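Undergrad: For the sequence shown, UniProt numbering begins at 1 and goes up steadily by one.
Honestly, the hints are just simulated from the structure, not real lab data.
Keep in mind the model is a prediction, meaning the values are calculated, not measured.
Any given hint could be a false lead.
[Claimed, not checked] Restricting the straight-line Cα-Cα distance to at most 20 Å, the calculated cross-link-like pairs of lysine to any residue (SDA-like) are:
1. LYS163 <-> ALA144
2. LYS68 <-> VAL82
3. LYS172 <-> GLN138
4. LYS120 <-> ILE96
5. LYS92 <-> VAL82
6. LYS163 <-> PRO136
7. LYS124 <-> ARG174
8. LYS92 <-> ARG36
9. LYS163 <-> GLU153
10. LYS124 <-> ARG207
11. LYS172 <-> ILE116
12. LYS79 <-> LEU122
13. LYS92 <-> PRO27
14. LYS163 <-> ARG143
15. LYS172 <-> SER160
16. LYS92 <-> THR41
17. LYS163 <-> GLY78
18. LYS2 <-> GLY105
19. LYS124 <-> LEU164
20. LYS120 <-> MET159
21. LYS124 <-> PRO27
22. LYS172 <-> ARG156
23. LYS172 <-> ASP184
24. LYS92 <-> LEU80
25. LYS124 <-> VAL28
26. LYS24 <-> GLU187
27. LYS2 <-> ALA22
28. LYS2 <-> PRO27
29. LYS68 <-> ARG36
30. LYS24 <-> ARG129
31. LYS92 <-> ARG129
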Amino acid sequence: MKTLVVTGGIGSGKSTVCRYFASKGVPVYDSDSRTRRLYDTDPGLVRRLGDALGTVIADSEGRVCRRKLASVIFSDPGKLQVLESIVHPAVKEDFIFWRDSFRPGDVPFVVMESAIILEKPLFKDIADRILVVDAPLQTRLERACGRDGAAEEQVRERMSRQKLLNDISEGKVRPDVDYVIVNDADEASLFSKAEAVYLSMCASEPRHSK
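Input sequences plus hints: build the corresponding full structure.
TA: What follows is the structure, given as structure tokens:
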């Protein structure tokens, strides 16, 4: 099954592009929401995380306690790597299981929405094509503040964790991807650009997804 991975920084519009693909009948795997689902439904994952982090992170119902997990990572930033070494393979396995539930004749391709694929080689072999949705940094900041009702300082702090995507927005790095959509106009323009990617994906041959 052909897979398009859609990535982009906070406020870039990648989720809007994914919703457009969904409106065309393309299944979309939202990595963030699926990770939260694993936290709530995979007791083996919860147990492995607790063992690796050296503390109980499960709530009374056996789900990951988000507040406890955040406090552990905040108090010891080195444990973020430990977390990722367990969670990322679990998400990849979950995605492959999800993707393989679709047949090529039923859908033209599937989408994985992920903010980290450009920085995490683990995920790159599942992508036949990669799309970066981008916008000027200031535009992204203003959109995120307006969308989330958050203070500028809070959004800047969140954006600071996406250095590579910020560098792309500022023209410091040219992404090695198949498609780039610059979302710097209205929604109609964005959808027109997304449609061009949709048509290209429908016509393309699978590359190397497993």
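Undergrad: Taking the hints in turn, state whether each one holds.
TA: Cross-check of the supplied hints:
Simply put, LYS163 and ALA144 have alpha-carbon atoms about 16 Å apart, close enough for the 20 Å limit, and the pair holds. At roughly 15 Å between alpha-carbon atoms, LYS68 and VAL82 fall within 20 Å of each other, so this suggested pair holds. Restraint check for LYS172 and GLN138: the C-alpha separation of about 15 Å stays at or below 20 Å, so the hint holds. With a CA separation close to 16 Å, the supplied pair LYS120 and ILE96 stays within the 20 Å bound.
Note on LYS92 and VAL82: the hinted pairing holds, with a Cα-Cα distance of about 16 Å set against a maximum of 20 Å. Restraint check for LYS163 and PRO136: satisfied, since their Cα atoms lie roughly 14 Å apart, inside the 20 Å limit. In summary, the hint linking LYS124 to ARG174 is supported, as the alpha carbons are separated by about 17 Å, within the 20 Å threshold. Between LYS92 and ARG36 the alpha-carbon distance is near 14 Å, which keeps this suggested pair within the 20 Å criterion.
For the suggested pair LYS163 and GLU153, the alpha carbons sit about 16 Å apart, so the restraint of at most 20 Å is met. A hinted pair counts as satisfied when its Cα atoms are at most 20 Å apart, and LYS124 with ARG207 qualifies at roughly 12 Å. Straight-line distance between C-alpha atoms of LYS172 and ILE116 comes to about 18 Å, which keeps the hinted pair within the 20 Å bound. Restraint check for LYS79 and LEU122: the C-alpha separation of about 19 Å stays at or below 20 Å, so the hint holds.
Under the criterion of a C-alpha separation no larger than 20 Å, the hint pairing LYS92 with PRO27 is consistent with the structure, at around 16 Å. Pair hint LYS163 plus ARG143 holds up; C-alpha atoms about 18 Å apart against a cutoff of 20 Å. A hinted pair counts as satisfied when its Cα atoms are at most 20 Å apart, and LYS172 with SER160 qualifies at roughly 15 Å. Distance restraint check for LYS92 and THR41: the Cα-Cα separation of roughly 16 Å lies within the 20 Å cut-off, and the hinted pair is therefore satisfied.
At most 20 Å may separate the alpha-carbon atoms for a hinted pair to count; LYS163 and GLY78 meet this at roughly 18 Å. The hinted pair formed by LYS2 and GLY105 meets the criterion: a straight-line CA distance of about 11 Å does not exceed 20 Å. Between LYS124 and LEU164 the alpha-carbon distance is near 16 Å, which keeps this suggested pair within the 20 Å criterion. Between LYS120 and MET159, the direct Cα distance comes to roughly 18 Å. Compliance with the 20 Å bound is thereby established for this hinted pair.
In summary, the hint linking LYS124 to PRO27 is supported, as the alpha carbons are separated by about 19 Å, within the 20 Å threshold. Among the hinted pairs, LYS172 with ARG156 is consistent with the structure: their alpha-carbon atoms are about 18 Å apart, no more than 20 Å. Taking the CA atoms of LYS172 and ASP184, the gap is about 18 Å. The hint holds against a cut of 20 Å. Only pairs whose Cα atoms come within 20 Å are accepted, and LYS92 paired with LEU80 is accepted, the gap being roughly 18 Å.
Proposed proximity of LYS124 and VAL28 is supported: the alpha carbons are some 17 Å apart, at most 20 Å. With a C-alpha separation of about 16 Å, the suggested pair LYS24 and GLU187 falls inside the 20 Å cut-off, and the hint holds. Taking the CA atoms of LYS2 and ALA22, the gap is near 15 Å; set against the 20 Å cutoff, the hint holds. The suggested pairing of LYS2 with PRO27 holds, with an alpha-carbon distance near 11 Å, which does not exceed 20 Å.
Straight-line distance between C-alpha atoms of LYS68 and ARG36 comes to about 14 Å, which keeps the hinted pair within the 20 Å bound. Restraint check for LYS24 and ARG129: satisfied, since their Cα atoms lie roughly 18 Å apart, inside the 20 Å limit. Between LYS92 and ARG129, the direct Cα distance comes to roughly 16 Å. Compliance with the 20 Å bound is thereby established for this hinted pair.
Taken one by one, the earlier hints all hold for this structure without exception.
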